[in-house]
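Residue numbers (our numbering), protein chains in the order written: chain A, 54 to 381; chain B, 17 to 139.
FYI, nobody ran anything at the bench for these hints, they're computed from the structure.
A hint or two may mislead.
[As the list claims (entries may be wrong)] Below, a sample of chain B positions facing chain A; criterion: calculated Cβ distance under 8 Å:
no. : residue
1   : K48
2   : M59
3   : R67
4   : P84
5   : A85
6   : R88
7   : S92
8   : L95
9   : G107
10  : L114
11  : V128
12  : V129
[Claimed, not checked] What follows is a set of in silico ranges between Cβ atoms, one per label pair, in the way DEER data are often shown:
no. : chain 1 : residue 1 : chain 2 : residue 2 : range
13  : B       : D72       : A       : V330      : 39 to 47 Å
14  : B       : G120      : A       : R77       : 38 to 46 Å
15  : B       : D29       : A       : L171      : 50 to 58 Å
16  : A       : P192      : B       : S34       : 53 to 61 Å
17  : B       : D72       : A       : A158      : 33 to 41 Å
Note that beta-carbon positions come from the ideal geometry of N, C-alpha and C, so glycine has one too.
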Amino acid sequence: MSIAACLLLYGLVVATLGPRLLTRWTRPGVAPRLGVAVWLVAIISVPASWAAAAVLALVAPTLGSHQPVRILDSCLAALEAVAAGDAGVALQAGLFALTTGAVAAAGFLVTRIVRWLLAARARTHDHARMARMAGRQLPGSDAVVVESPQRLAYCVAGRPHAIVVSQGALDTLDAPHLAAVLAHERAHLDGRHHLVLAATRGLAGTLPKVPLFTTGAAEVARLLEMCADDTAARAHGRQTVLGALLALSGAATLPTGALGATGVGVLDRAERLAEPVGFAQRWRARALLTTTLALLTAGPVITGALSATGLAFCDPSLAFCDPLTIAR
Amino acid sequence: MRGFGELETVVMDRIWDSGDTVTVRDVFEGLKTTREIAYTTVMSTMDNLYRKGWLDRDRQGKAYLYWPALSREEYSARLMREAMDSGGDPGLVLTRFLEQIDDGESTRLRKVVRRWASGTDSG
Chain A
54 MSIAACLLLY
64 GLVVATLGPR
74 LLTRWTRPGV
84 APRLGVAVWL
94 VAIISVPASW
104 AAAAVLALVA
114 PTLGSHQPVR
124 ILDSCLAALE
134 AVAAGDAGVA
144 LQAGLFALTT
154 GAVAAAGFLV
164 TRIVRWLLAA
174 RARTHDHARM
184 ARMAGRQLPG
194 SDAVVVESPQ
204 RLAYCVAGRP
214 HAIVVSQGAL
224 DTLDAPHLAA
234 VLAHERAHLD
244 GRHHLVLAAT
254 RGLAGTLPKV
264 PLFTTGAAEV
274 ARLLEMCADD
284 TAARAHGRQT
294 VLGALLALSG
304 AATLPTGALG
314 ATGVGVLDRA
324 ERLAEPVGFA
334 QRWRARALLT
344 TTLALLTAGP
354 VITGALSATG
364 LAFCDPSLAF
374 CDPLTIAR
Chain B
17 MRGFGELETV
27 VMDRIWDSGD
37 TVTVRDVFEG
47 LKTTREIAYT
57 TVMSTMDNLY
67 RKGWLDRDRQ
77 GKAYLYWPAL
87 SREEYSARLM
97 REAMDSGGDP
107 GLVLTRFLEQ
117 IDDGESTRLR
127 KVVRRWASGT
137 DSG
């Protein structure tokens, strides 16, 4: 049970501190791919550790025997004692109902996310199909040109995927810039970024009150743009990508307040293309993110191990994993 | 599925380009010159497009006369609107090269580029 408490606490700490710290550490986009990995692990580890805690809390009473409950024991430990039958049938039934409720809520959430993902998939594939229907093939490429004065370039998943360039954008971009834009969009598709985006947005849309998920979805989207920028820059040069960004931005300028804010941090992208950080700074950022990644991955395991061996503040006397306890 | 979708595209292209009402026979005759295709395939494709809302039709004697429900331009406009508004519709997952930016950001973007340009000139 104490392991469950620790896992719960771990999830709470990551969910609380994660959004602010991870945003600060990944914002400059020094190592965007690593940044995406850190965000994803953080986003996954919280529900995973909570689910593990719930399972443990459910299983523990059946494993544990009557154990002394000390005053400073965690709240959950006391609950375990209740579940084990120390405090009457009524309380036990209440706890059981609570657990059942939690499991039902989790099931409800999972269903909603899956439904959201299926709907998003249908919407997105429809759009790709429509784009291929209404557009013309761009000669010598896999992109589709759609007749429109607006200056827009994007990619959308489908069967097959579609890279869409509006006629307006086509008129604005010269050949090297166009190649850079297409490389950027192709990088999104090759990297399967749409799957990552759909998953993070689905989670954020289903649980909009959890900043880790909402901030995470936005930051991941931003970092993925930077990843695609880097891939395009490797093939066509940083200047060319920056030039394309600028060429399209001039036209995409809207009056302040129109159509919402930039979700993907165009300025940040431009800045890092124009003034990439030095060698030392890049390695420092990588080291920081790698450490974070390692801690997030190992976090639940370490938490569990510490509480099982009694090193952590979580009460060791209740560690049902302790072989001696189980033997008894 | 993929092949069928491709045929739908080709048929829509032809109908849009014809700029007039067409029969299945018209489309079939046109397609026959470029690819090996059965009349019934074209018929079922156009029937499909009608049921999906891409085409409208009217019975004319024994055959149907088909025409596009929306012009290519109207579809394009609808598509672009959808893509531009995708920020407000998280269900449409697409990655735009550039989000809409406002004047302030545009100015700052230009400053970044100017700074960068002067840096490369001097350095």
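Verification of the hints:
| no. | hint | in the structure |
| --- | --- | --- |
| 1 | K48 | violated (22 Å) |
| 2 | M59 | violated (19 Å) |
| 3 | R67 | violated (15 Å) |
| 4 | P84 | violated (10 Å) |
| 5 | A85 | violated (12 Å) |
| 6 | R88 | holds (6 Å) |
| 7 | S92 | holds (5 Å) |
| 8 | L95 | holds (6 Å) |
| 9 | G107 | holds (4 Å) |
| 10 | L114 | holds (5 Å) |
| 11 | V128 | holds (5 Å) |
| 12 | V129 | holds (6 Å) |
| 13 | B:D72 to A:V330: 39 to 47 Å | violated (58 Å) |
| 14 | B:G120 to A:R77: 38 to 46 Å | violated (23 Å) |
| 15 | B:D29 to A:L171: 50 to 58 Å | violated (30 Å) |
| 16 | A:P192 to B:S34: 53 to 61 Å | violated (22 Å) |
| 17 | B:D72 to A:A158: 33 to 41 Å | violated (47 Å) |
Consistency with the previously given hints fails for numbers 1, 2, 3, 4, 5, 13, 14, 15, 16, 17, ordered from lowest to highest.
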